[in-house]
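S.K.: With chain A's structure known, arrange chains B, C, D, E and F on it following the hints.
Protein chains in written order, with our numbering: chain A, 1 to 254; chain B, 1 to 254; chain C, 1 to 254; chain D, 1 to 254; chain E, 1 to 254; chain F, 1 to 254.
Heads up, some of the hints might be wrong.
Note that the list lumps identical chains together, so a pair holds whenever it fits in one copy or between two copies.
[Stated by the list, open to error] Here are the simulated lysine to any residue pairs, SDA-like style, with alpha carbons at most 25 angstroms apart:
# : residue 1 : residue 2
1 : 196       : 140
2 : 114       : 137
3 : 31        : 114
4 : 32        : 19
Simulated from the structure, these hints should not be mistaken for laboratory data.
There are 6 protein chains.
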Amino acid sequence: MRQIAERTAGFSGADLANLLNEAAILTVRRKKRAIGMDELRESIEKVILGPERRSNVVSEKEKEITAYHEAGHALVANKLDKADDVQKISIIARGRAAGYTLNTPRNDERLHFKSYFIDQLAVLLAGYATETKIYGEVTSGASNDLKRATDIARKIVTKFGMSDLGPITYGSDQEKVFLGKEFHDQSQYSDKMAEKIDNEVQKVIDKAWKISTETIDKNEPVLKKIAKELLEKETIEKERFDEIVGEVKKTKKV
Amino acid sequence: MRQIAERTAGFSGADLANLLNEAAILTVRRKKRAIGMDELRESIEKVILGPERRSNVVSEKEKEITAYHEAGHALVANKLDKADDVQKISIIARGRAAGYTLNTPRNDERLHFKSYFIDQLAVLLAGYATETKIYGEVTSGASNDLKRATDIARKIVTKFGMSDLGPITYGSDQEKVFLGKEFHDQSQYSDKMAEKIDNEVQKVIDKAWKISTETIDKNEPVLKKIAKELLEKETIEKERFDEIVGEVKKTKKV
Amino acid sequence: MRQIAERTAGFSGADLANLLNEAAILTVRRKKRAIGMDELRESIEKVILGPERRSNVVSEKEKEITAYHEAGHALVANKLDKADDVQKISIIARGRAAGYTLNTPRNDERLHFKSYFIDQLAVLLAGYATETKIYGEVTSGASNDLKRATDIARKIVTKFGMSDLGPITYGSDQEKVFLGKEFHDQSQYSDKMAEKIDNEVQKVIDKAWKISTETIDKNEPVLKKIAKELLEKETIEKERFDEIVGEVKKTKKV
Amino acid sequence: MRQIAERTAGFSGADLANLLNEAAILTVRRKKRAIGMDELRESIEKVILGPERRSNVVSEKEKEITAYHEAGHALVANKLDKADDVQKISIIARGRAAGYTLNTPRNDERLHFKSYFIDQLAVLLAGYATETKIYGEVTSGASNDLKRATDIARKIVTKFGMSDLGPITYGSDQEKVFLGKEFHDQSQYSDKMAEKIDNEVQKVIDKAWKISTETIDKNEPVLKKIAKELLEKETIEKERFDEIVGEVKKTKKV
Amino acid sequence: MRQIAERTAGFSGADLANLLNEAAILTVRRKKRAIGMDELRESIEKVILGPERRSNVVSEKEKEITAYHEAGHALVANKLDKADDVQKISIIARGRAAGYTLNTPRNDERLHFKSYFIDQLAVLLAGYATETKIYGEVTSGASNDLKRATDIARKIVTKFGMSDLGPITYGSDQEKVFLGKEFHDQSQYSDKMAEKIDNEVQKVIDKAWKISTETIDKNEPVLKKIAKELLEKETIEKERFDEIVGEVKKTKKV
Amino acid sequence: MRQIAERTAGFSGADLANLLNEAAILTVRRKKRAIGMDELRESIEKVILGPERRSNVVSEKEKEITAYHEAGHALVANKLDKADDVQKISIIARGRAAGYTLNTPRNDERLHFKSYFIDQLAVLLAGYATETKIYGEVTSGASNDLKRATDIARKIVTKFGMSDLGPITYGSDQEKVFLGKEFHDQSQYSDKMAEKIDNEVQKVIDKAWKISTETIDKNEPVLKKIAKELLEKETIEKERFDEIVGEVKKTKKV
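Isolated chain A, as found in the complex (with noise of 0.2 angstroms):
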């Protein structure tokens, strides 16, 4: 029951009553008489990630370069300290993306230090530093990630106050979008100012790739191995991951 509880951090109630519907479901259609394990996990995931996409028919190459993708991402989220632990990886399609890593945050943790975000960041850039390092370029399939990364080093520095730009914010809070006080808010910092923003920004995102591509490079084969085993089986579990990788993870808080 452990696993579950931590696969379901952040979970609220809503989406537990959603998530043993989905698994009282997926009982009934087995012709079970209990909700088990296994249903459990797949609605938690199909709560998460939304349903497999498995009859959307995914070219050889492409698998291939989504194992490397999500072996890059689990491999630095296992590597760096502050990193999310790797619940499970896998490269059957779900929703809109080819593959996914599973990682659930330790706990409800609420503060985060500036290193937790560059170590978040590390493991976001990771699919594309990956494809970088396999195939000399990236595919567009890095494109959410990056936007999240991007969003993630802004905070950092106009709302985190995690720069050089020191304690102070710029521009408005995503939670008061009121027409009036935006348009307010948006005159609030000059063009100046903002050039030294995309210029921390840009520090913040060249910090995280360094520690990610450095990640990458030193433990190439390891790497190779979680990619050819992904493109074997599609999916591959925390136990079995872990062994791979040859080390369970050291829980670091905060």
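M.R.: Same frame as chain A, now just chains B, C, D, E and F:
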């Protein structure tokens, strides 16, 4: 049936239903008892491109320009490794287009490397490039090609992280067109960064332009042969097209 | 009937219905039994330009300026290879215009080279250029010509890829005027690029201006002859116009 | 009757109906049997300028300033060839204005040369210029004149092509105030071009200012004579005005 | 009755009706038979400033600051030729203000010279200037004064043509707040012109600041006398104020 | 009862009604017959901060960070002359906050000197500063403090005239959030002025930062003592807090 499958790659269920409906209407009109290959082909084009506009009187000069323009698209699509196959070329006006080259992506690939996009851009710019070569100036007919090429080039730089700006995104997502949000995103980068983006987009267009013009220069006799036959017959199907070019497209993955 | 066809090139079905309706009304008012050539001609102009405003008292000076202005448009339209034919010139006020020169495109051409647009611009600027030549300054009457010329010049640069900026588009499409989208597109280029666009647009206007003024300078006697006859007769039809100019327009394709 | 016609030039049918209605009310109030010349004159002014505000207590100082301000407008209007005739000057407050000079354009001219606009600007700036001459500083009363002058100066530069920027327009049309469209047009020129426009507008204002101040300097005695009589009688009609100035305005066309 | 008239200058009919209504309520509450002078005075202040907030506990320190702040306004208003008369000073909180100085313009003047506005600005800045002098720093209580001063300074420069920018206006009119229009006007000047406007506004504020501080420096003993008496009595009426200052304000016109 | 009054300073009538209602509910739930001191205290906190979130599992590390963060706020609030008193410190999550320091302004003061705001900023930055000192980096938990500090710093510069920019305001008022108006105000200053504002805001933040860090450096042992006790007991009331710090806050006015 394989040909039908290739030409309808990417069709949704609704598109397929629409297609069969069109084919059925055509079959009834022709007093046939069963939907044939011809009816399916015609219906596919109608669904993709809109109805033919034969009634529209087009001048001989315009037909010639269109023939060269489409021959350019088709030639470059055939010669570039990563470009999609040519299924059919036509100078019969359809919808708002004076002519068209029907390319079908070889499978439902969803991940593309930068080199794929560059080849796609080279194909898009090929009509414009051919007009420049043959007439020394271009017509307004390339306008839509340029718009599509610019959109892709901007995505390469600002969404896919495939330029010297690195693994970072700029500007908001097409999909999240919510007023207040958009406004916020708009202020996310400085005018200096906007300049850098302009420069990177220009570099992408320049690269594709070089490939497109060099391909056309190297294959000028074939280009003219295609254009001439198009002017005579108005339509060239895949089989005949491969004959003229003298080589069947070698499908490269991703 | 050919003349009617030429003058209604580009008319939609609704326009044609409207035209015949106007002609029928005119025929009944004149107690004729069948719609004649005169009624059709008058109706075509009414549909294109709006009703005549004879009741509006126009000063002699204004009539003279208008005569020179329209003579300029007509002369340059006649002399430039790619400009549309002159069907009729008039200094009778119609709708919001003090006078008009009726040009009909020779056929339904939809593709145009840059040289066509430059000639079209030269014709648009000819009224302004003639006022400058004859009076040493221009009137506010050229304002709409300038607006149309500027719109075309901007399209040449930002939509048709016909300037030194190359095969790329800038700014959003007129047709996609959706709030959020517009906003997004607006931020797509830097102020420096806006400057480059301004410069290219200026170059296009300069080129058309040179052609327009040189044509007027070379044909000054004919210009004055047209203006003088316009002032006397208020209207000149195609046949008479070709006589004055001394040469029938040679239609060049595209 | 000619006088009435001159003063109502530019009136719409609705304006004329309104005018006659006002005159009829006035006639009834005065227990006359037929609408007389006086009732028509008063009604014309009421329709153009709004009702008199005699009840509004105006200080002697303000009356003096207003007398000089209006005398300036009237004097410059009289002296400049292309300016409209002065019909009446008054320092009786009407609507929101402390005083007014009633100029009626000589006919329904719709075309105007740049020189006409410059003279019109010189007349608009004459109140401000007179205050400067007499008091060494200006009052807030010239604010509306400045706004109108600026609007005309901007049109000269951005709509009429009458500046060194040449035959080109900038910015959107007043008449097409459609949200999305406006936004698009707004982005049509660079900040550098905005600077050039600012400079050209300044040059236009400077030119009109020079004409206005020189005219006032040369005719200072007449200016003071007009102001003095205005202060005494509150109103000067065209006939008396021409007597004071010593010359009837020579109407120049266009 | 003259005093009432002076204090209600600028009142609309509705304001006067409201005033009498308030006075009647007060009269009834006091069980008087007729509205007296006192009731009128109190009602005037209530209509202008809102109800008193005696219940609101104000610290001694705040009272002292307010006394100095208001003494500054009143002193400078008294000393400057063109400033409005002081009717009453109070440190009883009313509406949102901690205290107030009641100035009534001497008549319904509608025209004002720049010198009038400069004096008005000097009075507005006097509270801020006095706080600076007495405490070496200022409180947030001057915020509304600064906002009003800035608005006037901007109008002097951009609407009244009273700066080195000359007889020209910038930006749109407050009264024409129509969406599309505003947008258009907004783009009417360059960033460089915005800088020039900023500089001119600064110069206007600097000039008024100099006058304000010099007046306070020269009259420090009187300032302290007013502040002291205000702290004791909370309110000073016109008659007593003129006694303290030692001179009755000489009303200068315009 | 004085303690209650202090803690509810600034409460509106509605707030007080709400407070009593909460206290009554609590009293009934506890089966008491009259609202007691405890119920009032708890209700005050609930009204100000939202309900406790004890159910939310918080990691030990997060508790420690929160303890240091809140200890920083409380220490600096105690040491600075103009900062508000500390009423209570807690690391029990409430609403969206991981912990809180309850400060109550000493009275309803409405006027504040710049020095008051600087001290207030120093207190706001103290959590961030303490995290920096103890951990060498900061968490995302300071984000809201930074936003509030930036808002105050901007007001100091653009609304209160307390920077080197002088007695002038920039940008629009929060209270007048009317679409068209906002837009207008937005254009009221140049980008260069926006830069100057950015710089002044930075200077204000720098000054407060210096005070905050110096206060923390000088009182490190006390800081650690507060944090340690907070970690043990989760909550420290005013009386105990004053004991630990070793001195009761000397209230300075304004």
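S.K.: The structure should be examined with respect to each hint, and the outcome stated for every one.
M.R.: Hint check results:
For the homomeric pair residue 196 and residue 140, the shortest alpha-carbon distance between copies (21 angstroms) is at most 25 angstroms, but the shortest distance inside one copy (28 angstroms) is not. In this assembly of identical chains, the alpha carbons of residue 114 and residue 137 lie at most 25 angstroms apart only when taken from different copies (7 angstroms versus 29 angstroms within one copy). In this assembly of identical chains, the alpha carbons of residue 31 and residue 114 never lie at most 25 angstroms apart, being 49 angstroms within a copy and 48 angstroms across copies at closest. With identical chains, the CA atoms of residue 32 and residue 19 are at most 25 angstroms apart within one copy only, with a shortest distance of 17 angstroms there and 42 angstroms across copies.
Hint 3 from the list above is the single one not met by this structure.
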